[in-house]
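Trainee: Protein chains in written order, with my numbering: chain Z, 27 to 339; chain E, 126 to 481; chain S, 137 to 502.
Everything labelled a hint here was simulated from the structure, so no lab data went into it.
A couple of the hints might just be wrong.
[Stated by the list, open to error] Not the full set, but computed from the structure, chain S residues with beta-carbon under 10 angstroms of chain E: (1) 206; (2) 310; (3) 316; (4) 324; (5) 364; (6) 368; (7) 371; (8) 375; (9) 376; (10) 380; (11) 383; (12) 416; (13) 419; (14) 423; (15) 455; (16) 468.
[As the list claims (entries may be wrong)] Computed footprint of chain Z on chain S, listed as stretches where at least three residues anywhere in the stretch have a Cβ under 8 angstroms from a Cβ of chain Z: (17) 264 to 273; (18) 288 to 301; (19) 344 to 358; (20) 476 to 482.
[Said to hold, decoys possible] In the EDC-like style, the derived pairs of lysine to aspartate or glutamate whose C-alpha atoms are separated by at most 16 angstroms in a straight line are: (21) E/386 with E/423; (22) S/329 with E/273; (23) E/340 with E/304; (24) E/386 with E/403; (25) S/336 with E/259; (26) E/184 with E/208.
Backbone N, C-alpha and C define an ideal beta-carbon position, used for all residues, glycine too.
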Amino acid sequence: MNEILTAAFLIPLLTAGIRMSVPLILGSVGEVVSEKTGVLNIGLEGQMLTAALISFIVAYYTGSLTLGILAGGISGMLGALLIAFWCVSRRQDQSVVGIMFNIFAIGFTNFLYRAIFGVSTNKAKVEILPTIEIPGLSRIPWLGEILFRQNMLVYLALIAAFLVLFLLRRTKFGLQIEATGENPKAAQASGIRVRRVRYSGSLFCGFMAGIGGAFLSCGIVGTFTENMSAGRGFICLAVTILARWNPAFAVVAALLFGTVQALQLRLQALGSTLPYQFFVALPYVVTLVSLAVFGWNIHAPSDLGQPYNEESR
Amino acid sequence: MKNLKRILTLLMSAVMLLTLLAGCGGETAEDASSSEPSESAVVSDESSSAPEEEKAVSKIAILLPGYITDQSWNQGAYEGLLELEGQGYEIAYTEDVQAADMESTFRTYCEDGYDFVIGHGVQYGDACVRVAADYPDVNFFITGNPPEGENLPGNIAFYDYKEFEGAYVCGYLAALMSESGVIGYIGGGDNTTQCSDKNAYVQGAKAANADIEVKTVITGTFNDSSVGKETAIAMIEQGVDVILQTCDETGLGAFEACNEKGVYCIGYTSDQSGLVDEGLCLTSLLVSIPTMITSQIDIIAAGEFGGLEQPGLAEGVIGIAPYSTEVPAEIQQQVETVKQSLIDGTLTLTPDYSNN
Amino acid sequence: MKSFGARIDDTIRNFSSRMVRQSVGRKAAIFSLSVLAALVIGAAFLLVLKVNPLTAYYYLLIRPFGSFNSIGEMSIKLVPILLVGVGVSFTFSAKLSNLGGEGQMCLGAIGMTIVGTSALGTSLGGWSIPLGMLAAALFGAVWAGIAGFVKTCFHASEIITTLLLNYIAVQFLSYCVYYPLRDPGGNIPQSAKVAAVLPKLFSGSRMNAGILIALAAVVIYAVVIRRTSFGYRLRVLGGSVPAAEFSGIRRGKYYLLAMMLSGVFSGIAGAVEVAGTQTRLLEGLAGSYGFDGVVAALLGMLHPVGVAAASVLLAVLNAGAETMQVKTGVSSLFVNVLEALIVLFILLGMSYASEDKKPRAKEGAK
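One chain only, chain Z, in its complex shape (with noise of 0.2 angstroms):
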């Protein structure tokens, strides 16, 4: 335990911790803005998944990392204008919807690597994002180092986040997608093109899981391996909730999962017996147990999951 509670422990785990929540700050920052307008995007797993498969193949092809990752943006809102489409204008079942997407992106990007790198011993490989130090702030003891010397996507992972806070709370679009999720009926009433709201809340939550998953590829590993994403879009909608749809809060809990996962790759080589799956399940177990209890106090939007039909009554 002695270990542990040194700095030479701590700086690198959370460092890591934050590198590993990069992906769900960004996922769960989008599927707030969603799920605030009403729409439970279960779809994020499949978006990420192919944003990390897309964003690599046009870095590896361009050369350029910046467009790789651009691209894995735009592939996630391509994914998330499918996800709309079928669930804001056709009116379908939104976690049914979701599921098949994510089931989709397994087979597709599985097929789509085969298509193009086909078969060969030699992995493609793209170089990775490098890390970028902050003159001055990087040289702050223990802070420095952690928050202050990491990749691009990081610091941009967290500026979004605030960006998000400060739309929805302060802007005028900020209070239409409040309005939106509450009560569709009342929005329309007042002019609120409900529908276009939520489009723009899918798309967006679309780009964010995007840029997630080319972090995924292009951040950290350079590779695309089968199923990348591994269930981090799942575990974005779960910290979504436990945030309580607060984009500063989903930061919170994020980096509190990641570093959770940070820890548990280093407490094995720490001589640690406690079993490995204890620490992946946790997460999981977690959110389970805030939605139980917090639950009755945790106030969704009011039409999450509800498909809205302009027309009745």
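Given chain Z, work out where chains E and S should sit, using these hints.
Mentor: Just chains E and S now, with coordinates in the frame of chain Z:
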């Protein structure tokens, strides 16, 4: 209803168009489609270049626990297969065969007329025993030790190669090369091969330096390089300065970490020194997988197939790759002595399969 | 203000009621068109991989029926899908989106293994199977019950809770095969063999008695959902929550019961996997069966025969995928693409079909 009709017409035209394209561009099953991007390659039998004598087997298939891109365990098997293909056999493989699918994948190959089926890893033994009883004419080969307490069918050959002998030597080398007094081992799964490697590594290290500290991690996956990378980073942060990895794709991630941090590493299955900067890879624990597989063909032809074999360093199935330039001559000498003692039997090891 | 959970409940209402209102002929047309459309798009994908789609589809769809052995392989996949599908259909009838088939299967498998590998199980011999099934049903019911309980008492969405429980269950199963239930003889993460195994029905095929259990499940479902008051109450609850409450049906109680019932079926699916197909507990045992069951329930539109037929389709796809992979080199994951497309097209078709019935509304404030 009008819309439905429109959609129907559209679909029908699309179907006809595609059938046309398929007829022109595609190949029929009889030609054995050599689909380039495939997970399970099927190549046509080049009967024209076949040797004159009647082949004991003609269709060879292998079940792989991971992917052929791992520069290690699975790639070695794939290369063995390619060699056989060059000799005129029809080959096929399936990657990433999960535990629950092992038996059905074995059966699919058997039903399809494959007469030499390989399960590449000790974890396939159990499923193989179940299937082998139903297909007495098929030769099965498992690269691992046989499951205990079973009545083993005669058409399975188990190759319980002594990888741990190599791991012992690597541990010895690592302990001598370590400056910090802490070395590391990263394994992929909780099975007999990996555990015996881990324990032998520790044993060998302690034999070189009784005070050495060895950190071991079984990551639980052979196919996730980011896990390997994070684990290696964690180890390096704790002072480890030599790492042996035996976990295929996961190990590639560990190698990346070692490369980034300038830490010594030891490779697995094939000589992996080319994967990192000059000199960083001290050596590799060689397992001559291609030979393992191709040699079986002759055994089958000779009618001696089946049973259990336990080759190790002495037989050349396990080996130690050439040392890197960083290893001083005296240390090389010492390690060679240890290796030789294992080969000529003056030192014998009993594998320790426990995972503590 | 309706609570979070209540709102989620209403979600499926539009979906399923619309489906039910269509005529059978129309449903069949939409189904066939969707399958056709999915196959056409899939064919385009296959052409990109330079594989002849007709060949691939032959191995995917026709070959599973080709031999005695292959029918057996297909039946092995059919059983868990059908059992989970039936279980999930109960909950869907009450408009609950129970996505926890995978987790409940895992728990059921663990229950069966505990009985089958215990001293008691060994001494009971063949009787360990019914006892194990009982344990499996219990474990599955409890696991599903957690989601039901959280929904009833805390109004949490069962979509999220069942998904979370899936992940937890998979890790729990992994833990079990690595530690407490691990086969002391070998050194691989799997349990010891269970004391008794479901008998095979015919030699030359792996089809086992599980298929009989699955068929019984369909019959039970058909009877319960249509002929019992319990089933009636579930359907009323699914039709309109206010109407149900008005007639005295306590929502919380029946949600919980429906979830637990579906857990029983999914749990038994897990037991059959252990005692029938795998003979021991392994990781990855539940595979995609959890979601396949949900898909089967939806494709079959909650009708017993429909769910059975849809399960057969999914089983064929799963079994054929392996053959297709061996013969043409196309990954078995490709089937995911087809499955997803089929369901999405059916949903699309349904949404357009039901729209024809509604009078064209004026374009409101858009």
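Trainee: All hints are to be evaluated individually against the structure, with a verdict given for each.
Mentor: Checked hints:
1. 206: holds, 7 angstroms
2. 310: Since the shortest Cβ distance to chain E is 8 angstroms, the answer is holds.
3. 316: At 14 angstroms from the nearest chain E Cβ, residue 316 of chain S fails the 10 angstroms test, so the hint is violated.
4. 324: Holds: closest Cβ of chain E sits about 5 angstroms from residue 324 of chain S, inside 10 angstroms.
5. 364: violated, 35 angstroms
6. 368: violated, 35 angstroms
7. 371: violated, 30 angstroms
8. 375: violated, 28 angstroms
9. 376: violated, 31 angstroms
10. 380: violated, 36 angstroms
11. 383: Violated, about 39 angstroms.
12. 416: holds, 8 angstroms
13. 419: holds, 6 angstroms
14. 423: Nearest chain E Cβ about 6 angstroms off; hint holds.
15. 455: Check passed: Cβ of residue 455 of chain S comes within 8 angstroms of chain E, closer than 10 angstroms.
16. 468: Interface hint status for residue 468 of chain S: holds (8 angstroms vs cutoff 10 angstroms).
17. 264 to 273: violated (count 0)
18. 288 to 301: holds (count 11)
19. 344 to 358: violated (count 0)
20. 476 to 482: holds (count 4)
21. E/386 with E/423: Status violated; Cα separation ~46 angstroms.
22. S/329 with E/273: holds, 12 angstroms
23. E/340 with E/304: Answer holds: residue 340 of chain E to residue 304 of chain E is near 15 angstroms, not above 16 angstroms.
24. E/386 with E/403: With Cα atoms ~13 angstroms apart, residue 386 of chain E and residue 403 of chain E stay inside 16 angstroms; holds.
25. S/336 with E/259: holds, 14 angstroms
26. E/184 with E/208: holds, 13 angstroms
Going down the numbered hints, you'll see the structure goes against 3, 5, 6, 7, 8, 9, 10, 11, 17, 19 and 21, while the others check out.
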